[in-house]
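Protein chains in written order, with numbering that gives the first Met the number 0: chain A, 0 to 250; chain B, 0 to 281.
The hints are simulated quantities; they were obtained by calculation from the structure and are not laboratory data.
Please note that a few of the clues may not be correct.
[Stated by the list, open to error] Here are the simulated DSS-like pairs of lysine-lysine, each with C-alpha atoms no more than 27 angstroms apart in a straight line:
hint, chain 1, residue 1, chain 2, residue 2
1, A, Lys237, A, Lys164
2, A, Lys137, A, Lys152
3, A, Lys137, A, Lys228
4, A, Lys128, A, Lys193
5, A, Lys19, A, Lys137
6, A, Lys84, A, Lys27
7, A, Lys139, A, Lys152
8, B, Lys174, A, Lys152
9, A, Lys6, A, Lys27
10, A, Lys152, A, Lys193
11, A, Lys83, B, Lys174
12, A, Lys137, B, Lys92
13, A, Lys128, A, Lys164
14, A, Lys152, A, Lys128
15, A, Lys139, B, Lys277
16, A, Lys83, A, Lys237
17, B, Lys277, A, Lys152
18, B, Lys174, B, Lys92
19, A, Lys139, B, Lys274
20, A, Lys19, A, Lys237
21, A, Lys84, A, Lys128
22, A, Lys83, A, Lys128
23, A, Lys128, A, Lys228
24, B, Lys274, A, Lys152
25, B, Lys92, A, Lys164
26, A, Lys27, A, Lys164
27, B, Lys128, A, Lys84
[As the list claims (entries may be wrong)] Calculated Cβ distances over 10 angstroms to all of chain A for the following chain B residues:
hint, residue
28, Ile48
29, Ile79
30, Phe163
31, Leu183
No residue lacks a Cβ here, since even glycine has one placed at the ideal position from N, Cα and C.
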Amino acid sequence: MSEIVTKNLNLWYGPFHALKDVNASFEKHRITAIIGPSGCGKSTLLRVFNRMNDFVDGVRMTGEVVIDGANILTGRMDLVALRKKVGMVFQRPNPFPLSVYENIVFGERIHSGAMSRSALDAVVEQSLKSVLLWDELKDKLNSSALSLSLEQKQRLCVARLIAVKPEVLLMDEPCSTLDPQATARIEELMRELKSDYSIIIVTHNMQQAARVSDDTGFMLLGELIEFGKTTEIFTAPKDRRTEEYITGRYG
Amino acid sequence: MRNPYRTQAVAFFFLLLATLLIVVPVGLVVVIIVQKGLPAVNWTFLSDIPRQGMRAGGIFPAIIGTFYLVSGAILFALPIGLLAAVYLTEYAKDNLLTRIIKLAIVNLAGVPSVVYGLFGLALFVVFFKFGASILSGSLTLGIMILPIIITTSREALESVPASFREVSLSLGVSKWQTIRHIVLPNAIPGILTGTILGLGRAAGETAPILFTVAAFYLPQLPGSVFDQVMALPYHLYVISTQVPNVDEKIRYGTAFVLLALVLFMNLIAIVIRSKFRKKKKW
Numbered sequence: 000m001s002e003i004v005t006k007n008l009n010l011w012y013g014p015f016h017a018l019k020d021v022n023a024s025f026e027k028h029r030i031t032a033i034i035g036p037s038g039c040g041k042s043t044l045l046r047v048f049n050r051m052n053d054f055v056d057g058v059r060m061t062g063e064v065v066i067d068g069a070n071i072l073t074g075r076m077d078l079v080a081l082r083k084k085v086g087m088v089f090q091r092p093n094p095f096p097l098s099v100y101e102n103i104v105f106g107e108r109i110h111s112g113a114m115s116r117s118a119l120d121a122v123v124e125q126s127l128k129s130v131l132l133w134d135e136l137k138d139k140l141n142s143s144a145l146s147l148s149l150e151q152k153q154r155l156c157v158a159r160l161i162a163v164k165p166e167v168l169l170m171d172e173p174c175s176t177l178d179p180q181a182t183a184r185i186e187e188l189m190r191e192l193k194s195d196y197s198i199i200i201v202t203h204n205m206q207q208a209a210r211v212s213d214d215t216g217f218m219l220l221g222e223l224i225e226f227g228k229t230t231e232i233f234t235a236p237k238d239r240r241t242e243e244y245i246t247g248r249y250g
Numbered sequence: 000m001r002n003p004y005r006t007q008a009v010a011f012f013f014l015l016l017a018t019l020l021i022v023v024p025v026g027l028v029v030v031i032i033v034q035k036g037l038p039a040v041n042w043t044f045l046s047d048i049p050r051q052g053m054r055a056g057g058i059f060p061a062i063i064g065t066f067y068l069v070s071g072a073i074l075f076a077l078p079i080g081l082l083a084a085v086y087l088t089e090y091a092k093d094n095l096l097t098r099i100i101k102l103a104i105v106n107l108a109g110v111p112s113v114v115y116g117l118f119g120l121a122l123f124v125v126f127f128k129f130g131a132s133i134l135s136g137s138l139t140l141g142i143m144i145l146p147i148i149i150t151t152s153r154e155a156l157e158s159v160p161a162s163f164r165e166v167s168l169s170l171g172v173s174k175w176q177t178i179r180h181i182v183l184p185n186a187i188p189g190i191l192t193g194t195i196l197g198l199g200r201a202a203g204e205t206a207p208i209l210f211t212v213a214a215f216y217l218p219q220l221p222g223s224v225f226d227q228v229m230a231l232p233y234h235l236y237v238i239s240t241q242v243p244n245v246d247e248k249i250r251y252g253t254a255f256v257l258l259a260l261v262l263f264m265n266l267i268a269i270v271i272r273s274k275f276r277k278k279k280k281w
């Protein structure tokens, strides 16, 4: 089952052609990695899916991106609804300067209006449990989120996102500021989350893509060169450029 | 050969000298006003009306007048200034018109206050027929401090990290909700700084209230916003230059009260600001 399908997706930043005829199908409840050298358009592609590129001046898109049967690139698209469905974890852990508790209920509180304290408590517990932080933080819910370790902050950001009940998690190099142990634990978390969410991760770390993803797309200069099962991409790439990149001869 | 240690010592000396040249006059002003003014301050001085042609009695009507005028100015300028700042930072497209508007606002802060006074006279007193009144005076002072409030609020809003906005929007929170729940709360300390600056300016200026509200001698409290009032800066001017034989104590006492009133109003804003600053750590 496809979660996101792109059809002849093109994107320009002013005169710069950042995405060129991208055709891909991102599957439900799988982890899809997008790899490629810096500036190849992988983050841009990710930010198409929740229309975060809209804030860039001079951005223009053609083609289709279909999520749940609707083309999200049309002007009529309800961006608030789209972003509730397609959430994002950023490169740098970026909790709000609020308590752990307030961080998690932030979206829910705004979306659902007045909620009872017990309902909010339940959201916090559930979200923290699903990112495996509940045991660590259940006694520190009122302390500032900024006092946490980097890894805890990034997990908290995932929890904050999960509290909004998205279908898709977009992850933009979520481990690039973390040490290897913390990275391994975030990857473990991604595998845990896969059963409930479709995950698309952008990474410049090929080992990470190989370890964690089910499908992989390789991008180069705005083009999606190759897209397929991770095992196939990494063991028997069809395109010479893919092979050169994953064997370290390119980029 | 140049001796780097001596060059450094010379530089250090001039830096210190410049700092002292700033600190000493400010300190002296405070010391002199407190020394000469404090003995005049007692309960009668603070709570009584001026008597014997302002040579005796108190300055209560002027205190109340200044308090009303400053409150009115803030009440008018803070909401409008803040909304304008939000529009300019969050919504306005970065084009020539926006840049001209921003430049104009910054420059308005440098317009001499007497010009605001004449403007207030023409617009509020004469055109809108508010007469010389608290309303005219407050609005004039409000317009005078608008540029300060807009400029500092804009800086405060712009200093909220872009990542906060991005995260909030990515969680499906609308732009206005993001401004309301994320941007504004994090900008409050900076906005209050602007308010403090504006407040001090509004309390101390004489020229804008001269034609629009200030009464030479009015030994009673205002009944409505359409009444005239006495105000501390103007009263100080009057008893210092227009009324002969006013005891020096009363003049310095008035200056002291004006200083204390501004400080007191600032203190309220500073306390609120520090409460919000404690929460802000990024």
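When the hints from earlier in the document are held up against this structure, which numbers fail?
1, 3, 5, 12, 16, 23, 25, 27 and 30
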